[in-house]
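Assemble chain B with the ligands onto chain A, guided by the hints.
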Amino acid sequence: MKLHIDTTLNQEPAEFLCAPDETLLSALRNELGLTGTKEGCGTGDCGACSVLLDGRVVASCLVLAAEVQGRAVTTIEGIASGTTLHPLQTAFLKEAALQCGVCTPGFIVAAKALLDVNLDPTEEQVRYWLAGNLCRCTGYDKIVRAVLDAAANMRSTRA
Amino acid sequence: MLHGMTTTRYEAPGTVADALSVMAAHPGAMILAGGTDLLVQYQAGLRTPSAFIDVKRIPELMAIEADASGVTIGAAVAAADICAHPVIRAWWPGLVDGVQLIGSTQIQGRGSLGGNLCNGSPAADATGALIASGAVAHIAAPSGVRTVPVEQFVLAPGKTALAPGELLVSVRLPKPAAHTADAYQRLIPRTEMDIAVASVAVSITLDPSGLCTAARVVIGAVAPTPLLVPEAGAALAGTTLDAAALERAALAASAAARPIDDKRGTVAYRTTVVGVLTKRVAAIALSRAKER
Ligand SMILES: Cc1cc2nc3c(=O)[nH]c(=O)nc-3n(C[C@H](O)[C@H](O)[C@H](O)COP(=O)(O)OP(=O)(O)OC[C@H]3O[C@@H](n4cnc5c(N)ncnc54)[C@H](O)[C@@H]3O)c2cc1C
Ligand code: FES
Ligand code: FES
Chain A
1 MKLHIDTTLN QEPAEFLCAP DETLLSALRN ELGLTGTKEG CGTGDCGACS
51 VLLDGRVVAS CLVLAAEVQG RAVTTIEGIA SGTTLHPLQT AFLKEAALQC
101 GVCTPGFIVA AKALLDVNLD PTEEQVRYWL AGNLCRCTGY DKIVRAVLDA
151 AANMRSTRA
Chain B
1 MLHGMTTTRY EAPGTVADAL SVMAAHPGAM ILAGGTDLLV QYQAGLRTPS
51 AFIDVKRIPE LMAIEADASG VTIGAAVAAA DICAHPVIRA WWPGLVDGVQ
101 LIGSTQIQGR GSLGGNLCNG SPAADATGAL IASGAVAHIA APSGVRTVPV
151 EQFVLAPGKT ALAPGELLVS VRLPKPAAHT ADAYQRLIPR TEMDIAVASV
201 AVSITLDPSG LCTAARVVIG AVAPTPLLVP EAGAALAGTT LDAAALERAA
251 LAASAAARPI DDKRGTVAYR TTVVGVLTKR VAAIALSRAK ER
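If you read the protein sequences in the order shown, they are chains A and B.
Numbering-wise (my numbering), the first sequence opens with residue 1 and increments by one.
Numbering-wise (my numbering), the second sequence opens with residue 1 and increments by one.
Pulled out of the complex, with its shape left as it was, chain A reads as follows (with noise of 0.2 Å):
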């Protein structure tokens, strides 16, 4: 039995069917066809499958798909403008913070939840909010760097 979720999809309502007890991360890829959030454990151990759900970061990987309904899910697709990249995004390229790319979305859907509460974070509150975003490329230096830059952007255009 299939169950029918009527949801909002970044920014989007959206809808889809999913088994009852399908990950959302099995639905955004399989039913969805989003498959820039990446699974890299399944466990709740890496942070490559982050989504932003009701403006907060969680593990799609341990999220039923059928507890989104009525709630708002922001992927890896929903977090440029348009074709406008986002700040992070941006970051990311400019300071090279990726090499095989596979942990790239869940670091910059889980950054953006800092960022979004935390304009101004310390590298401290930086590796302490990503501890739980494992990449085995490029040892984290670049990655950090690339959040601390994108916050100081963001500040900057702010003011």
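It is worth saying that the hints were derived from the structure and are not from the lab.
For each residue, glycine too, the CB sits at the ideal point set by N, CA and C.
Keep in mind that the hints are not guaranteed to be accurate.
Said to hold, decoys possible - Across the chosen pairs, the derived CB separations fall in these ranges: (1) B/Pro189 to A/Arg136: 16 to 24 Å; (2) A/Arg136 to B/Ala141: 41 to 49 Å; (3) A/Gly82 to B/Asp67: 32 to 40 Å; (4) A/Arg71 to B/Arg146: 44 to 52 Å; (5) B/Leu46 to A/Ser81: 40 to 48 Å; (6) B/Asp194 to A/Glu124: 16 to 24 Å; (7) B/Asp242 to A/Arg71: 48 to 56 Å; (8) A/Arg136 to B/Pro224: 31 to 39 Å.
Said to hold, decoys possible - Facing chain A, according to a computed beta carbon distance under 7 Å, are these residues of chain B, among others: (9) Thr8; (10) Arg9; (11) Gly35; (12) Thr36; (13) Val40; (14) Gln43; (15) Asp54; (16) Ser104; (17) Gln106; (18) Gly109; (19) Arg110.
For chain B with the ligands alone, kept in the frame of chain A given last:
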């Protein structure tokens, strides 16, 4: 679908009464709060519920209510909301010490006190501070509501005082007495994202002169359940928490420990560490209590 043969249902009742009737109708069902334990276990094939009963649409389970005599925390409130709550931060910094250790930012946005308690892990990071502060669990049963002290809630690894068909609704913390404060620490081999090798929660009550009149010491990850150690509390009561008193409390905590050997630590290591933590955590609770 993860398990091709089963037809697992998803239900999202809006009231406690509806949740109890859905549970009665689906005997093999399991409660879904943040899913950060349950969905991991489900995907590993360790749990095969006939239905997931999502309790996050029930207002009582999602509310934090503070009043003059304490605070009631809904069982499904996310860790991030507990750690951000001004009254909880002010009165139970030790609970915040524990809750903020639960997983990453992503896990904090979903994992709950109810899930931490009901999962029944001996290493659960929120349970010790709840016991140290004398918290009670409010349980809804088909026959009515009952209340259980948190130290009697976890019975064995993965086993709790909940009977089939019962739901944990909330946890109630009584407002701390004058000059009372709590603290919690765990030892893990890294700085983030790991399971405790040993942990200690302490609540200390002082008289106006700074003498300790009561203490509750709880040890975690070193026995089948988080354990209240009355002998350790008694070693602190009547003292100023001088070095000799702390040493006696540490010995009592180590003596009460009944740890297992595993990849995270040997019996001898865990037994020693839980004593060391007892001294450290009691000292933190003491300095917090002196500020009150
Ligand atoms: C990557 C990762 C890191 C983690 N790190 C930590 C850590 O550092 N420390 C720690 O303590 N834990 C940790 N955990 C475990 C988990 O996040 C916590 O135990 C969390 O508090 C569980 O809450 P939940 O709401 O997600 O529970 P769920 O998974 O929804 O439920 C857990 C269990 O409790 C039952 N249950 C839940 N609510 C109720 C209720 N109201 N009434 C009756 N039964 C109920 C469920 O049926 C299930 O059996 C981690 C988990 C992950 C995936
Ligand atoms: S895939 Fe979800 S946390 Fe790794
Ligand atoms: S760039 Fe490869 S995992 Fe991070």
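| field | Enumerated hints in conflict with the structure, sorted upward | value | 3, 4
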